[in-house]
Amino acid sequence: MSDQAKERMKNSKISTWYQSVKEARQVLKLVGFVPVGGKTAAGQALLKQTKMIYYERVYNISQKATKAMLQMMHSPSPSPTSPTMAAPPVSPELVELTSQPGTAEGRRAVLSSPELVELTSQPGSAEGPMAAMLSSPEAEKVSKGEVEGRQRKDDVLVLGGQEAA
Numbered sequence: 001m002s003d004q005a006k007e008r009m010k011n012s013k014i015s016t017w018y019q020s021v022k023e024a025r026q027v028l029k030l031v032g033f034v035p036v037g038g039k040t041a042a043g044q045a046l047l048k049q050t051k052m053i054y055y056e057r058v059y060n061i062s063q064k065a066t067k068a069m070l071q072m073m074h075s076p077s078p079s080p081t082s083p084t085m086a087a088p089p090v091s092p093e094l095v096e097l098t099s100q101p102g103t104a105e106g107r108r109a110v111l112s113s114p115e116l117v118e119l120t121s122q123p124g125s126a127e128g129p130m131a132a133m134l135s136s137p138e139a140e141k142v143s144k145g146e147v148e149g150r151q152r153k154d155d156v157l158v159l160g161g162q163e164a165a
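Residue numbers for the sequence shown follow UniProt numbering, beginning at 1 and rising by one.
FYI, nobody ran anything at the bench for these hints, they're computed from the structure. Remember, predicted model here, so these are calculated numbers, not experimental data. Each statement offered as a hint is correct.
With a straight-line cut-off of 30 Å between C-alpha atoms, the simulated DSS-like cross-links for lysine-lysine are:
{"hint": "1", "residue 1": "K39", "residue 2": "K29"}
{"hint": "2", "residue 1": "K51", "residue 2": "K6"}
{"hint": "3", "residue 1": "K51", "residue 2": "K29"}
{"hint": "4", "residue 1": "K22", "residue 2": "K48"}
Sequences are here, hints too, so could you generate the full structure?
In structure tokens, the structure reads:
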């Protein structure tokens, strides 16, 4: 390069870009003619590497990960337990249904409202395992079939092919 060209490049931003391209070619170990940002993979990689070096020099923006960032990414952070993996909450809606009164084997059912549904162990019987719990006025309406706008058939819970009224 001539002295005049060197003088012009010294005070321009193009010199920083030129130095960045030279460094990127050395980092990528490119030999021969490779257009910056060309259609080839080498040209695209050269453009990316050149931009990284250029932005570090001109704007003090580093694209490289710092040690603190790497530690933060790889450190095991305390994660909350998943609600699906946690133990089921104990609530009045979780009721164990027995197939026969006095037997130990049972099935679990989740009810939307325990006051509105009466569960009996046998279809058609008036007393069941939930009779003591359902002593509210709403439960009496359900047992008589007088729920607002509902028929008695809608209040029957079907589990495993058996109906529990």
